[in-house]
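Number of protein chains: 2
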Amino acid sequence: MGFPEAATGAGTALLTDHYELTMLASALADGTADRPCVFEVFARRLPDGRRYGVVAGTGRVLDSIADFRFTDAELSQLEATAVVDDATLSWLADYSFQGNIDGYPEGELYFPGSPILTVAGSFGEAVVLETLILSILNHDSAIASAAARMSGAAHGRPIIEMGGRRTHEWAAVAAARAAYLAGFATTSNLEAGRRYGIPTRGTVAHAFMLLHDSEEEAFHAQVDKMGADTTLLVDTYDITKGIETAVRVAGTELGAIRIDSGDVGPLARKAREQLDALGAKDTRIVVSGDLDEHAIAALRAEPVDAYGVGTSVVTGSGAPTAGMVYKLVDVDGKPVAKRSAHKESRGGRKSVLRRHRDTGTAVEEVIWTAAAPSSQVPEQGPNDHELQIPLVRDGRTVNDLPTLDDARQRLRRALVSLPWEGLKLSHGEPAIPTVFV
Amino acid sequence: MGFPEAATGAGTALLTDHYELTMLASALADGTADRPCVFEVFARRLPDGRRYGVVAGTGRVLDSIADFRFTDAELSQLEATAVVDDATLSWLADYSFQGNIDGYPEGELYFPGSPILTVAGSFGEAVVLETLILSILNHDSAIASAAARMSGAAHGRPIIEMGGRRTHEWAAVAAARAAYLAGFATTSNLEAGRRYGIPTRGTVAHAFMLLHDSEEEAFHAQVDKMGADTTLLVDTYDITKGIETAVRVAGTELGAIRIDSGDVGPLARKAREQLDALGAKDTRIVVSGDLDEHAIAALRAEPVDAYGVGTSVVTGSGAPTAGMVYKLVDVDGKPVAKRSAHKESRGGRKSVLRRHRDTGTAVEEVIWTAAAPSSQVPEQGPNDHELQIPLVRDGRTVNDLPTLDDARQRLRRALVSLPWEGLKLSHGEPAIPTVFV
Numbered sequence: 001m002g003f004p005e006a007a008t009g010a011g012t013a014l015l016t017d018h019y020e021l022t023m024l025a026s027a028l029a030d031g032t033a034d035r036p037c038v039f040e041v042f043a044r045r046l047p048d049g050r051r052y053g054v055v056a057g058t059g060r061v062l063d064s065i066a067d068f069r070f071t072d073a074e075l076s077q078l079e080a081t082a083v084v085d086d087a088t089l090s091w092l093a094d095y096s097f098q099g100n101i102d103g104y105p106e107g108e109l110y111f112p113g114s115p116i117l118t119v120a121g122s123f124g125e126a127v128v129l130e131t132l133i134l135s136i137l138n139h140d141s142a143i144a145s146a147a148a149r150m151s152g153a154a155h156g157r158p159i160i161e162m163g164g165r166r167t168h169e170w171a172a173v174a175a176a177r178a179a180y181l182a183g184f185a186t187t188s189n190l191e192a193g194r195r196y197g198i199p200t201r202g203t204v205a206h207a208f209m210l211l212h213d214s215e216e217e218a219f220h221a222q223v224d225k226m227g228a229d230t231t232l233l234v235d236t237y238d239i240t241k242g243i244e245t246a247v248r249v250a251g252t253e254l255g256a257i258r259i260d261s262g263d264v265g266p267l268a269r270k271a272r273e274q275l276d277a278l279g280a281k282d283t284r285i286v287v288s289g290d291l292d293e294h295a296i297a298a299l300r301a302e303p304v305d306a307y308g309v310g311t312s313v314v315t316g317s318g319a320p321t322a323g324m325v326y327k328l329v330d331v332d333g334k335p336v337a338k339r340s341a342h343k344e345s346r347g348g349r350k351s352v353l354r355r356h357r358d359t360g361t362a363v364e365e366v367i368w369t370a371a372a373p374s375s376q377v378p379e380q381g382p383n384d385h386e387l388q389i390p391l392v393r394d395g396r397t398v399n400d401l402p403t404l405d406d407a408r409q410r411l412r413r414a415l416v417s418l419p420w421e422g423l424k425l426s427h428g429e430p431a432i433p434t435v436f437v
Numbered sequence: 001m002g003f004p005e006a007a008t009g010a011g012t013a014l015l016t017d018h019y020e021l022t023m024l025a026s027a028l029a030d031g032t033a034d035r036p037c038v039f040e041v042f043a044r045r046l047p048d049g050r051r052y053g054v055v056a057g058t059g060r061v062l063d064s065i066a067d068f069r070f071t072d073a074e075l076s077q078l079e080a081t082a083v084v085d086d087a088t089l090s091w092l093a094d095y096s097f098q099g100n101i102d103g104y105p106e107g108e109l110y111f112p113g114s115p116i117l118t119v120a121g122s123f124g125e126a127v128v129l130e131t132l133i134l135s136i137l138n139h140d141s142a143i144a145s146a147a148a149r150m151s152g153a154a155h156g157r158p159i160i161e162m163g164g165r166r167t168h169e170w171a172a173v174a175a176a177r178a179a180y181l182a183g184f185a186t187t188s189n190l191e192a193g194r195r196y197g198i199p200t201r202g203t204v205a206h207a208f209m210l211l212h213d214s215e216e217e218a219f220h221a222q223v224d225k226m227g228a229d230t231t232l233l234v235d236t237y238d239i240t241k242g243i244e245t246a247v248r249v250a251g252t253e254l255g256a257i258r259i260d261s262g263d264v265g266p267l268a269r270k271a272r273e274q275l276d277a278l279g280a281k282d283t284r285i286v287v288s289g290d291l292d293e294h295a296i297a298a299l300r301a302e303p304v305d306a307y308g309v310g311t312s313v314v315t316g317s318g319a320p321t322a323g324m325v326y327k328l329v330d331v332d333g334k335p336v337a338k339r340s341a342h343k344e345s346r347g348g349r350k351s352v353l354r355r356h357r358d359t360g361t362a363v364e365e366v367i368w369t370a371a372a373p374s375s376q377v378p379e380q381g382p383n384d385h386e387l388q389i390p391l392v393r394d395g396r397t398v399n400d401l402p403t404l405d406d407a408r409q410r411l412r413r414a415l416v417s418l419p420w421e422g423l424k425l426s427h428g429e430p431a432i433p434t435v436f437v
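Chains as they are written, first to last, in the UniProt record's numbering: chain L, 1 to 437; chain F, 1 to 437.
These are calculated hints, taken from the structure and not from any lab test. Accuracy of the hints is not assured; some may be wrong.
If several chains are the same, the list does not tell them apart, and a pair holds so long as it fits within one copy or across any two.
Below, simulated DSSO-like cross-link-like pairs (lysine-lysine); rule was C-alpha separation at most 30 Å, straight line [as the list claims (entries may be wrong)]:
1) Lys241 / Lys338
2) Lys334 / Lys270
3) Lys281 / Lys424
4) Lys281 / Lys270
Excised from the complex, chain L in its bound form:
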């Protein structure tokens, strides 16, 4: 069916990989499912050449965990397909997460190895959350990380997210949320407006222009309905004529024109001259059409007032997933780690601080475990920030968690704290090193 559970009455609990339930079944059978465990979410590396990552999706993770229940709809499917045995079905029927979760708040930066989320609970209750947690964090963080680069490149000019049509229909809603978190001004996605209160914007597409017998008629129809303070799309036929007609129809009060094709830099310059000459000095220029952070940066000197960004932001601008993993690091209070080639991981529950200079510039991410010699455990100085906050206690989401707007503010502050090289768009090393004690 078109949207997830209307047709089925089911929730998030089957957004899960088969092996999580077969592991659970085996662990229930041999008594290990109750062992206290700690799982950690981290990224082994940043996407190729990126300087930082942006944590996004934590709020959606917490909501999804609260909804993670095996009702009859899920249990009957698992029974019919014999994924697990009756004992496991009973266990799942009673399931609700009762453990603790700590993590980086949304909008915080992360670097290779940063312990972004720490899930503590029995093996059984924590292992079944792997896929759902990773899906949300990997997607939303990939979008936010790309969007933050675009926001930086736009240098204060507003960006509208309009990429919903280039990604899965529900991913589009989450992408609008992540882009807004990372500084975008608005979105075209109405469901993101409803669900997250993000301001939505839009006027017309080329279809509206072609629907009418002439450009002038289309402009009249739009201005009659939306007023002169609207955005007229001037590139359906000839841009120069389009601008002339637009100002004739809407007057010099015209809100904005949009250019969605061609070499938008020179076109914007020409449009600005023309608008000024026509007396429409306050009419803004909005550009769109295959813009990414590099194209936005290249337009910095041009008379552009706002950007529309679609494909590149919803696909993570070359890095569509954040590559985070969910690894068991502690069993019964003892560190565990695999020793596979190229995928070695560090056992033990991590603690973390970000160190800063007196000036506020970030210096390094320091990570340690209980196994670290006490002489090497960093003491928290006045310029060091704790990064994890409590998110869930005994299965309940803690009160007064940061909001989406808090996350926007946090990210803005965090980006200001980076060394200047860390804000470069070009490929390079992470903005600050991760130091494992």
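Got chain L; can you put chain F on it based on the hints?
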């Protein structure tokens, strides 16, 4: 909330860009909303260097359109945020699509300009579907197009899709469907099993190995529960020791081993020798870990029995969106087209045939409109295939549409029909040219 509409009672109708509704409002006001229109979905080009695209998602599009209704949940949001006026709200309250849709069936190949979906209806009823239709087709076709390359590279060896954790949680379900359509054998995603009947598979992750006090105990727990015909993960510590222990615990009846790290080619060869020497001649070797179509092709000569593929398939292996657009091509029976730089499009409702040689090899995609001189309109020869089928008539989905398994078969046949260069993984031109009459 964690999953789309449980918390809200709302459906798919706000998976829509703001401008579709403001266009609608203006068109209702000036009387153009009722004009009979034709919109077409096509891709201007294939992703960089790809030889073909695979149509996927049409079934999901039809289900979504059937669910596309503006109920109180949507209308109150639109009213509260003043997106449209009261007249438009009333129109939306009565909305259900009453037009006709034709399109390429799922599993069909497409090329630049192929008219993948043709939506005929009033401007108002057709324009509001733009985002939903494009989101689904762009996502699902991107995944299926990548997955088809992987299936080809695997040359008959089964592939399990296990990338759900690397993409948005509901995109994961659609991705599993698209990968299955494109020849993957199974998925790890339980919701895809429930929703689409796709066979699901999975055994254990490294976490299960680390949960136990030794590799041997973990293998015992797994074999006790799942039987010897399971897949043991042998690369948590030392692969050679792991295989030795695996066969000692499970016996020579062991179903399979999985290697998820390191240089899997040489490791598979060594593992095969070791398994054979231990008498486990029928034990299969499953490899996974950052595989894409090129890595799969490079393993063709190795003793690998099955592949697990994650990140690369759910992110479209470098092409995460198909780049399809939804363009107004006909108003009141007359062709319309914009003339923007670099984005010029061809007006008029398209007809299409794919021509083949007597041998069955595809030659070209021929596309024409009613404006084409009758002398140039191709006659359908015995080797020419019609590509569009009726999907919706007067708002109702037609009966007996092809199933997901039909789509699998169709794609298999279509790939066989391509000239051999068209199946190469390397960058190149589309496998067959698109000819506009």
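Evaluated hints:
1. Lys241 / Lys338: between (66 Å within a copy, 14 Å between copies)
2. Lys334 / Lys270: neither (67 Å within a copy, 33 Å between copies)
3. Lys281 / Lys424: neither (33 Å within a copy, 55 Å between copies)
4. Lys281 / Lys270: within (13 Å within a copy, 73 Å between copies)
Going down the numbered hints, you'll see the structure goes against 2 and 3, while the others check out.
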